[in-house]
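Produce the entire structure from the sequences given, and follow the hints as far as they go.
Going line by line, the protein sequences match chains A and B.
Per the working numbering, the very first residue in the first sequence carries number 1; after that it's consecutive.
Per the working numbering, the very first residue in the second sequence carries number 1; after that it's consecutive.
Everything labelled a hint here was simulated from the structure, so no lab data went into it.
As the structure is a prediction and not an experimental result, all values here were calculated from the model.
No residue lacks a Cβ here, since even glycine has one placed at the ideal position from N, Cα and C.
There's no promise every hint is true.
[Claimed, not checked] One side only, chain B facing chain A, incomplete, derived with CB under 7 angstroms: (1) Ile30; (2) Gly214; (3) Tyr234.
Spelled out, the chains give:
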Amino acid sequence: MKRLLLILAACSAPDRAPHWRAAGNAQPHDGGTLRLSVKDELRTLDPAIAYDDVSSWVLHSIYATLVDFDSTLQLRERLAEHYAIEDAGKTLHFWLRAGITYEDGRPIVAADFKTSLERVLAMPESPFGQYLASIDGADAMLAGKATTCPGIEARGDRELVLHLTKPDRLLLPALAMSFAAPLPADYLAKVGAELRRRPLASGRFTLGAWDEGRRITLLRNPHLQPGDHVFLDEIDVLESVPRDTQFLMFERGELDAADRLTSADYVWLVSQAPWQPYLHRAVGLNAFGVRMNTRRKPFDDRRVRQALNYALDKDHTVKLLNGAAVASHGILPPGMPGRADLAPYPHDPAKARALLAEAGYPHGFDVEYVTFPDEEAEKVAASLQADLGEVGVHVRVALMSLSAFQSEVGRPDGAPFSFWAWTGDFPDPGNFIDVNFASRMIADTNSNNNTFYASPALDAAIDAGDYAKAERILYDDAPWIWNYHRESVEVTQPYVKGYEPHPVWGRDYTSAWLDVGPDGKPVPR
Amino acid sequence: MRGALVGALLIALLCLLAALPHRDALAPDIDHGLTAMGAPLSPSGDALLGTDDLGRDVFARISAGTATSLELATLSTLLALAIGLVVGLCAGYAGGAIDNVLMRLVDLVLAFPFLLLAILLAALLREADLASANAPVVLTLGIVGWTTTARVIRGKTLTLARSEYVVAARAVGCSPLRIIVRHILPNVAGLVAVLAALAFAQNLLAESVLSYLGLGLPPPAPTWGRMLFEARAYYRSAPWLTIAPGLAILTAVVAFNLLAEGLRARFDPKERR
Chain A
1 MKRLLLILAA CSAPDRAPHW RAAGNAQPHD GGTLRLSVKD ELRTLDPAIA
51 YDDVSSWVLH SIYATLVDFD STLQLRERLA EHYAIEDAGK TLHFWLRAGI
101 TYEDGRPIVA ADFKTSLERV LAMPESPFGQ YLASIDGADA MLAGKATTCP
151 GIEARGDREL VLHLTKPDRL LLPALAMSFA APLPADYLAK VGAELRRRPL
201 ASGRFTLGAW DEGRRITLLR NPHLQPGDHV FLDEIDVLES VPRDTQFLMF
251 ERGELDAADR LTSADYVWLV SQAPWQPYLH RAVGLNAFGV RMNTRRKPFD
301 DRRVRQALNY ALDKDHTVKL LNGAAVASHG ILPPGMPGRA DLAPYPHDPA
351 KARALLAEAG YPHGFDVEYV TFPDEEAEKV AASLQADLGE VGVHVRVALM
401 SLSAFQSEVG RPDGAPFSFW AWTGDFPDPG NFIDVNFASR MIADTNSNNN
451 TFYASPALDA AIDAGDYAKA ERILYDDAPW IWNYHRESVE VTQPYVKGYE
501 PHPVWGRDYT SAWLDVGPDG KPVPR
Chain B
1 MRGALVGALL IALLCLLAAL PHRDALAPDI DHGLTAMGAP LSPSGDALLG
51 TDDLGRDVFA RISAGTATSL ELATLSTLLA LAIGLVVGLC AGYAGGAIDN
101 VLMRLVDLVL AFPFLLLAIL LAALLREADL ASANAPVVLT LGIVGWTTTA
151 RVIRGKTLTL ARSEYVVAAR AVGCSPLRII VRHILPNVAG LVAVLAALAF
201 AQNLLAESVL SYLGLGLPPP APTWGRMLFE ARAYYRSAPW LTIAPGLAIL
251 TAVVAFNLLA EGLRARFDPK ERR
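Here you go:
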């Protein structure tokens, strides 16, 4: 009998409630290491080059910029004490805060901003040059015909003036990105290409160590900017950890936070009452859908594109994503300034069939849908295949490697029908609509406007800054099958306090602290 | 022989499973096949083996997957046997330089780990625009899996080529092709049957591995390996998604190994005695 009980005990479900609890400290206190993991590898710490999900928040921890977005998506001064938009929008004037320094204690001066911005303009491989194109003289630098940009003027140590050729509403929010962080010319000359692993921090953390592809450690900056405070001593990030492994490590207490959970882990977590207080949600600055090349048949016919929007059941997609998404009517996510008040296309197969018949496809058509290996993308593909099959559009799903996929969708003669998603660099409608749909963004290779959609009406609405009108035009012309906006969900251990995901940078541990015992260790439950 | 009978019975059961009428195995059933939270349904009277993360009936997918997996294993085994048989017969009968060249080719293929070579080939063939979705998997397993057959058949052919009736056939002027087809091939047929059963089990397993690594048939095709691949994130919250295809793979591999063992005993003159 005793043996049977032992066997039964061994077979019983493991206790999966949190193994630790908050120690109960009333006040936040300094100290401790926060342990995280990411699915991918960090490729570079050069702010003029790095442009992916992982580097976004790591660089934002290391580098500070003139302005920054707060958790309510408002643009606030950071290294700038204040700024002014002058000359009917053709001049941006910044006054720097007093006493700002790099990690080694040297002062940050206005010329350092000129150096880093000119460095971006001079680097053909930098993806950020176009954000600075409206600065006077930037065109010549981007074309490789000049080595300095007269439109970037450093007045003394504490004034930076940007002279523009025309008003550009996207420039100011773009300056919140890490590529616009200051870097002194002598430091750049000294480290050269090694900047990719030898950053000079102006942010809240500095680089402690980086074992590339395996682990990166960030340390609290010993020379924080005046008024800044960080509780954590250290952030330790493991690289290349698959999402399901990440959650196992989190449950075993080897990680203090886990995000981008698998569907199975997410469903389990939300059904467990003990974990609910430690789930952190944020609507991401993103849009997911199906892009159609509007120059290629049958997608050159607006009625076909509208029909496919009516055919897709967005409620199915939301359910497949376990409710961690909202159905979309366009590319602008909820909360975005200028977002039009429109309802998503309803699921109406009869109307879809009628529109297809009107467009000359009464029996539908066969089409290849291109995507890449990914749990979510493949689920959405299966749902799309079923819904479109209902109206006679037979979808064959083709999986491509991510690199092949990216090159395929940016060419006019590439795959005409594919998965697509856009994550905004900053919360401005122009960063969504202009980049993806303005006719000037069409190129023969790596085209940002990869639907090759060109509409004078849309261009005019963009130029007038009327994004609600632009959204209505896009809704009607439907260059995408508008599908959903993804919610980001992160879970932390009960002793991680003061943390909320940042709507722009994803992870931001500025105010996070560890409520652990006097010995610095988590307190068992 | 009892083992072979059990194996044959299990194979017959698998064929029956493949032929059973079942629900749609490909189309998601998001309205009825998932919980309100979008999670798979556990096994019940309505869905005998539960549903997967797209609401599809797992029993239907196992049934359809049995047909697909058996078809892929059959085609790839036939291809591997055909290559192995031709190479083995030519090398064993011709001997000399031809034997040397062909056996070094076998050594070259064997020098690469089976799985590594299969992954490389599968990745390359997936990029090629082949007419059938099955083709990359069949070609991969066929190209990688012929070497054992070639070696074994070559050894047997070497012995047979020196036997009196082959010498006599040669003396009366029979062509090499006629000697191989009429006198050698019938004598290696039993061996080929054993090799076929073993290769079949190996290809079933290899196809599952390729599918598990995402290099098998594209979605939504149901194969046992792909089902395991899709279930990997659910092994704790929906274990039925892993257990069902896992058991299917286990049953099939055991069945074909039992059959091979029985056939080996049947064609082995020492054991028959």
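Under the criterion of a CB-CB separation shorter than 7 angstroms, is Gly214/B in contact with chain A as hinted? holds (5 angstroms)
Minimum beta-carbon distance criterion (7 angstroms), Tyr234/B to chain A: Holds: closest Cβ of chain A sits about 4 angstroms from Tyr234/B, inside 7 angstroms.
Was the hint right that Ile30/B lines chain A, CB cutoff 7 angstroms? Result: holds, 4 angstroms to nearest chain A Cβ.
Figure legend: structure checked against the earlier numbered hints; every hint is met.
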